[in-house]
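Full structure from sequences and hints, please.
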Amino acid sequence: MTTTMARKTEKNTARKPSQPHVRLHWRIRLRRDKSLVIMTIPAVVLLLVFNYAPLFGLITAFQYYDPLVGVWHSPWAGLEQFTTLVQDSLFWGALKNTLYLSLVQLILFFPIPIALALLLNTVLSERLRNLIQSIVYLPHFFSWVLTITIFQQMLGGAGVLNQFLRQHGAGTWDIMTNSNTFALLVTSQAVWKEAGWGIIVFLAALAAIDTHLYEAAAVDGAGRWRRMWHITLPGMRGVIVLLLVLRLGNALTVGFEQLLLQRVAVGHNAADVLDTFSFYYGIATNNYSYGAAAGLFKSVISLLLIWGANKLAHFFGEDGLYRR
Amino acid sequence: MSTAVPLRQRRSDKRPVWEEPPTAATTTGKSAALTLVAAAVLVPLWIIVVTSLSTQAAVNRAGGLVIWPDGLTVSAYREMLADPTVRTAVLVSLSITLVGTGVSMVVSVLCAYGLSRARSYGHRPILTLLVVTMFVSGGLIPTFLVVTGLGGYGRYWALILPSAVSVFNILVLRSFYAGTSAELIDAARMDGAGDWRTLWSVVLPTSRAVTAVITLFYAVGYWNAFFNVMLYMPTESQKWPLQYVLLTYVNRGNGLPGSVNSGFGNAHAETAPLSLQMAVVVLTLVPLLVVYPFMQKHFRTGVLTGAIKG
Amino acid sequence: MTSDMNRRTLLSTAAAVAGTVAMAPLLSACGDGGQSTGGASTKKGLKTALPSFAPNSSLKPDIPSVAGGADIATDPGFLTYPAQQARTVDGVPGKGGSYTAVTPLWGTVPSPSNSFYQAMNKALGVDLKIKPTDGNNYLTIIPTMTSAKKLPDWLQLPAWWNSGFNTGGLAGTQLADLTPYLAGDKIKKYPNLAAIPSGAWQAGSWGNKIYGIPSYSSSCVVAGTTFYRRDILDAKGITADQITSAADLFALGKELTDAKRGVWAFDDVWTYLFPFWGVPNKWKVENGKLINKYETPEFLDALDWHYKLAKSGSMHPDALAGQEASASTRFYSGKVLISGGGTGAWNLTDQQSGSAANKDYRRGAFDVFAADGTSRPSLFLGNSTGVISYLNRGLGKDQIEELLAVADYLAAPYGSAEYTMVNFGVEGVHHTMVKGVPTFTDAGKKYVQPQTYSFLASCPQVVSNPGADQVTRDFTAWQAANVKYLYKPVFWNMNISLPASLATADAAQSVEDTIKDCCHGKQKVSDVQAAIAAWKSSGTRLKNWLTTNVLEKYGTGQ
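Chains as they are written, first to last, in numbering that gives the first Met the number 0: chain A, 0 to 323; chain B, 0 to 309; chain C, 0 to 557.
FYI, nobody ran anything at the bench for these hints, they're computed from the structure. Any given hint might turn out to be false.
Examples of chain B residues toward chain C, derived with CB under 8 Å [stated by the list, open to error]: (1) Arg60; (2) Leu230; (3) Ser236.
Calculated Cβ distances over 12 Å to all of chain A for the following chain C residues [stated by the list, open to error]: (4) Asp61; (5) Lys187; (6) Asp366.
Even glycine gets a Cβ: it sits at the ideal position worked out from N, Cα and C.
See below:
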């Protein structure tokens, strides 16, 4: 086998200046890209059938939905569910909590899997690397119930830490039921449970980087940090930006089950987010239409957010969800 | 005919000659960080395993999860592994995972590649169509009615097709495919390879790591799924996959309102419910520990791009 | 988070929803089974529909029932099992029909064609396919089945989820009206069903018609009580009768707590103690007017006590953190000594679990007392049963009669041949007689699940714990000591039809959330008062609707 190696350092660092774009006639483009369009058909069909067809359920947000009568025969409410919603102080409280928790997690959680992946990547011994990797991704498979039970047993008021402090005459440390530091608690739980799983995609990105780029850079005199900055991070940039854009689009979604389980511990004023709000004040109390209205509100805002995040990515010269 | 052949290179444990040795401080810091990370997982894991092996008496004495072994038994495992329902369920789960992952991967890889080329016809509206489903949902009952209307009630396809497409996974795949060297693709095109052939012999071989990751995501999803089982075959216990059967062990004794006597003739108190629950957790982890190394294999392969066979 | 938006997250979340809904009744709705949609029943209209009551007391209980007020009596206790089991049904009840039945099961599901099911089918003379379904997700499963009109022939619908299932709406549309088969003396065709008291049939009636077949009915249902570790308190020389007021109980908490040793006096006792202050179940009637419990000063007094308890340091931190799942383990381990709970927990299984680590383990419950220590205590009676099964409306007349005959077999009284078969299986295969009481073999433990056939129909509740007579004695003694304080609350056993627009007012979720926070020391009593004030306008609409549509038409049901 003969191989030639093209060392293209600029592949990851710089983009070719975009050529003047000549828009071809759509028929020519369709003929050219026919295979590509055909390839998307199976996924599109599945989504149309199993995701788009059920969207008729959205009209319950404009009704007084009664499950027994069904979607087609429930009385109409017009926009009443929405006007009630915007006047509901609990709804605004939940929205505020959602955005706050999202922001804290974006700052404190999002970078951690990236850092962890980079750290693991510097471990030379393959066996050690694989071992650590397969340990840290396990908590992803623990349920939230178990995760919180473990936290409670370690850090709770009767947990290992506080019993130790108590027996040695030191004051106790209230972590699990303190509503003021709840955001930090929720974030550290999320880090513990999901950070190890989160590194997998980044490891795949790292594996796709041509190792000869490092060698070439080292030969050119680039140090450890410069190599990380100019080769490693650009190599991961695509997937980081993609995940960041999706995270921003999902800003209104923060750990539903996790918060549900700790609602008693910190009180509902601190723990209610949009999803728990529509659950408790909608589904759980048979007020389906109200829950549907809150859900639709969330969907619309989320779509605006992802659209905005994508625009923002384009503004910074990134691809985001799709190329400009 | 010539095709682009990626050359895989093995990253050896040895430090490459061009890399400078780390300082003592870096090494210490790194070891400390990794030890801390590993301990944060291993300590709870130890507690889970010990609890799963504890007797009812030991659980009672601990008043919760057991940290130090104090009376061990394998009764939780014996009870589950001897259950014929569990044994058939393992086969059901394996089949669903294999078929489901296969379907999902074919659909997703095709779709991701179909959307990965800049300025291809129709890729923007199709992408929008995909992304919208991440944020807008018709709700549980409407989805159920659509699947049931298509005859999915009690059928295995209802556990696979409605959740076969993960838009998130497609977007990740697409982002990797979009990063595939344009030169490689152009070279393949010049050789007269169509899109199908390019996907098969250029794009897929150069993106083994992400393929492995997404396969894992799908497989784990199918292996752990139980919600659709609950909706589409709630009463057919002989058809249930493993996770749903294990759920009944987790839930044993929970959930009956207090005024209903839950003890009528139900003298199954040899195994503590907590031990059973933790044994379920351990059993769930075992296949993951077995499968993961196979995936890791694909991580250690760096890819040499631009390799073209003449 | 980052890479984790795949299906799994969504699924586990959705399942948590289902799970939480399933747990909800444990916390709040134990006494509220009556608040449901579907037509209420008038006293007169119901009288013509209700089956006549004809008790069949073939076997004399070792601990006889003690009567309280009208329709109130303790459950009979049995310490022995008859060696000669009388037959109460002639021949086989079935005619060879083939049916499916769905029940919720909180536990592992027996394999579908096991020896017990086969023996039962032979004894019943039908091909009855029992399909137990995960109880924790039942509240999600049933509405999907009804929305697709895929209900089985025979179905158990727990009454505490009536509003979630919309049982009232299903009655007559998807569930069969049994009035033509059971009204008045017609039930005499099924003597074991006729031995179920009228109250239980009322709990399964909608709009003056009988739909439900009750299981485990009792005339002594209480929403829950306050348990204590009798073995540990006895050893300290503390007996329950020393505790006669809320202040005593509070002081006891201080005395028993020893945080350094990891022992706290109290687990969650929220909701179970409220009646001690005279707080009504949900409504009370004064001078012909409905008054909600939120509007009573007693309610705020009770709340204040609970808030102080949460702040006092004598509640276990895990209880304050809402870790309900591990409450029983805390109780067994002696890390908490006083805990609220349903009386259904007072049984053989509990005794076996508790004595695994501590052979002296003994559960006790405080007798009802008045918070001030001087008033006459009172405790509202719960609905006669929460376990009710229904037949599919699509069944023909012959099929309904066949299944009612099967139900009659399943409802055979304690100690009869049929009862033994349903509850213990075949002797020599599923159970053997040890020291005169039926004891399960391994096959029996695996296949004879009480939440299957007995959830379709069973005789009125008896207290019997073969091998743990002390439990039977303790529980029946507690019932006997408290039965005199029981009263029927407003709208007792009534299935009320509420329009969808009042669902929010009835749930009063924001008030309930604040109360929960208050009882865990997170919000003050004044916060609850504010939440009640905000609820008041919708609460008044609810009250007016109930007054004109229920109270004035049908009375209080007391």
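>> Given Arg60 (chain B) as an interface hint, is its Cβ closer than 8 Å to any Cβ of chain C?
In response: Hint holds; Arg60 (chain B) Cβ to chain C Cβ min 5 Å, cut 8 Å.
>> Hint Ser236 (chain B) vs chain C: min CB-CB distance below 8 Å?
In response: holds (5 Å)
>> At 12 Å, judged by beta carbons, does Asp366 (chain C) keep clear of chain A as stated?
In response: holds (29 Å)
> Is it correct that the beta-carbon of Lys187 (chain C) has no partner in chain A closer than or equal to 12 Å?
Replying inline: holds (35 Å)
>> Take the shortest C-beta to C-beta distance between Leu230 (chain B) and chain C; is it under 8 Å?
In response: holds (5 Å)
>> Minimum C-beta separation from Asp61 (chain C) to chain A exceeding 12 Å: can you confirm that?
In response: Asp61 (chain C) clear of chain A: closest Cβ-Cβ about 42 Å, beyond 12 Å.
Hint compliance for this structure: no hint is broken.
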